[in-house]
Amino acid sequence: MRILYFAWIRAKVGIAAEDVAPPVEVTTVGTLLDWLAARGPNYAEALKTRSVVKTAVNQEYVEDDHPITMGDEVALFPPVTGG
Amino acid sequence: MIRVQQEDFDIGAELARLGDGNHAVGGIASFVGLVRDMSPQAGSAGKKTGGKIGAMTLEHYPGMTEKQLAAIETEARQRWPLEDCLIIHRYGRLLPGDRIVLVATASAHRQAALESCAFLIDWLKTRAPFWKLEDGPEGSHWVEAKSSDDDAADRWKTS
Numbered sequence: 001m002r003i004l005y006f007a008w009i010r011a012k013v014g015i016a017a018e019d020v021a022p023p024v025e026v027t028t029v030g031t032l033l034d035w036l037a038a039r040g041p042n043y044a045e046a047l048k049t050r051s052v053v054k055t056a057v058n059q060e061y062v063e064d065d066h067p068i069t070m071g072d073e074v075a076l077f078p079p080v081t082g083g
Numbered sequence: 001m002i003r004v005q006q007e008d009f010d011i012g013a014e015l016a017r018l019g020d021g022n023h024a025v026g027g028i029a030s031f032v033g034l035v036r037d038m039s040p041q042a043g044s045a046g047k048k049t050g051g052k053i054g055a056m057t058l059e060h061y062p063g064m065t066e067k068q069l070a071a072i073e074t075e076a077r078q079r080w081p082l083e084d085c086l087i088i089h090r091y092g093r094l095l096p097g098d099r100i101v102l103v104a105t106a107s108a109h110r111q112a113a114l115e116s117c118a119f120l121i122d123w124l125k126t127r128a129p130f131w132k133l134e135d136g137p138e139g140s141h142w143v144e145a146k147s148s149d150d151d152a153a154d155r156w157k158t159s
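These protein sequences, in sequence, are chains E and W.
One point on numbering: in this note's numbering, the residue at position 16 of the first sequence is 16, and numbering is uninterrupted.
One point on numbering: in this note's numbering, the residue at position 89 of the second sequence is 89, and numbering is uninterrupted.
The following block holds chain W by itself, in its conformation from the complex (with noise of 0.2 Å):
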């Protein structure tokens, strides 16, 4: 199931839902993705900074981005076991620490739902049509693409 939304997810809720009367899922596997404080005070042991830096707003491209996800899903469909699968990006305004994306997937084994929920999130990183925008001190920028995330989903390739 896909679904970006503006408004946060409830994590514990979302994956007891995923396996909730299926007693063929076995495992459940989840990644979180969470707005990270960029600004320089930022990144001792967790340290909360207040949040009025590092700010950022996220654009999407409605309609592609739920065509995008949802083909990503069906990929991860066909090459893994999958009982279910769920991919919550939300979009607008978010402050750090705030909840980005959740991907969870759930199989008979933990092997399909670990390796079909890291493939899901190196994937989505790179095809779904997202635009970061960080808020800093000198205003704002957008973030660049990383080779590193090309790198990472390059290694899902098949052929």
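One chain only, chain E, in its complex shape (with noise of 0.2 Å):
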């Protein structure tokens, strides 16, 4: 699974993309993005706020309840800021 950061999330967490691979409870974006608050500090931080935490599931907007499976590629990134 390709996971890639956005913005301030990407500087928080300190890189742009990663392939993980994890357990076979992390069924969700909501249990995902658990899973990867878990694995550091950094990353702690940067999904400290959870409302301002956007997820991309292959390119389109999804919730925390959307499903993802190994070859997904999952976008985390702040509340978008462009025009």
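Treat the hints as calculated values from the structure; they're not laboratory data.
Ideal Cβ positions, reconstructed from N, Cα and C, are used throughout, including at glycine.
There's no promise every hint is true.
The calculated DSBU-like cross-link candidates involving lysine-lysine, where the alpha carbons are at most 35 Å apart (straight line), are [what the hints assert, rightly or not]:
{"no.": "1", "chain 1": "W", "residue 1": "146", "chain 2": "W", "residue 2": "67"}
{"no.": "2", "chain 1": "E", "residue 1": "12", "chain 2": "E", "residue 2": "48"}
{"no.": "3", "chain 1": "E", "residue 1": "54", "chain 2": "W", "residue 2": "146"}
{"no.": "4", "chain 1": "W", "residue 1": "157", "chain 2": "W", "residue 2": "67"}
{"no.": "5", "chain 1": "W", "residue 1": "146", "chain 2": "W", "residue 2": "157"}
{"no.": "6", "chain 1": "E", "residue 1": "12", "chain 2": "E", "residue 2": "54"}
{"no.": "7", "chain 1": "W", "residue 1": "157", "chain 2": "E", "residue 2": "48"}
{"no.": "8", "chain 1": "W", "residue 1": "157", "chain 2": "E", "residue 2": "54"}
{"no.": "9", "chain 1": "W", "residue 1": "146", "chain 2": "E", "residue 2": "12"}
{"no.": "10", "chain 1": "W", "residue 1": "146", "chain 2": "E", "residue 2": "48"}
{"no.": "11", "chain 1": "W", "residue 1": "67", "chain 2": "E", "residue 2": "12"}
{"no.": "12", "chain 1": "W", "residue 1": "67", "chain 2": "E", "residue 2": "48"}
{"no.": "13", "chain 1": "E", "residue 1": "12", "chain 2": "W", "residue 2": "157"}
{"no.": "14", "chain 1": "W", "residue 1": "67", "chain 2": "E", "residue 2": "54"}
Listed next, the stretches of chain E that the computed footprint assigns to chain W, with coverage defined by at least 3 CB atoms under 8 Å from CB atoms of chain W [stated by the list, open to error]:
{"no.": "15", "segment": "2-8"}
{"no.": "16", "segment": "68-78"}
With the hints in hand, could you dock these two chains into one complex?
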């Protein structure tokens, strides 16, 4: 599973992208965020305020209950500020 | 049409191309977004302040950006009878006064062109995955999303 980080979430985690293999009980975006947050203080800090962590699976916006599978591209980013 | 690019664009040339040869087009509406100088010295009557401060870097999510902009364009074409539609959004480092975004719509009549243009920029601001990193006197900081932008997008919700 490919995880991408953008903007200040990328800056806080310290990397732009990584491949991860979460355990089988990680089946949704919400459980993935919990699992990632427990991987280290940089992840915990980046994902601390869940209301400002937006998620996309395979480049479509999703909510925490969205299912994830091993081949997915999951992106974590703050609310967008383009335009 | 969607374009996501680092380089600048020519507003005149882009607008001229939009209705070119299509005589069903009766009006073209456009919105151009610029980098504002956010430094304290800026602000009065468009004075230039040298552009040393207030620069920004626009980051985006290649792939998803194009996908979301295309979805926004499709939505606009479903709601209004558009002859043509153009969204250009830049990324990378930009200085005060630089163009960031162009949204333009062409339709038989002004109402569809003007409304769809407003819709596109409002929806783009809350859906297209771009993030602004502003340079300031005390280092750079990420621009926070504004709830007023959410409100502007919400007024276009159909249900």
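Okay, the hints, checked on the actual structure:
no. : hint          : in the structure
1   : W:146 / W:67  : holds, 23 Å
2   : E:12 / E:48   : holds, 11 Å
3   : E:54 / W:146  : holds, 15 Å
4   : W:157 / W:67  : holds, 20 Å
5   : W:146 / W:157 : holds, 18 Å
6   : E:12 / E:54   : holds, 15 Å
7   : W:157 / E:48  : holds, 30 Å
8   : W:157 / E:54  : holds, 20 Å
9   : W:146 / E:12  : holds, 21 Å
10  : W:146 / E:48  : holds, 20 Å
11  : W:67 / E:12   : holds, 26 Å
12  : W:67 / E:48   : holds, 29 Å
13  : E:12 / W:157  : holds, 34 Å
14  : W:67 / E:54   : holds, 17 Å
15  : 2-8           : holds (count 4)
16  : 68-78         : holds (count 3)
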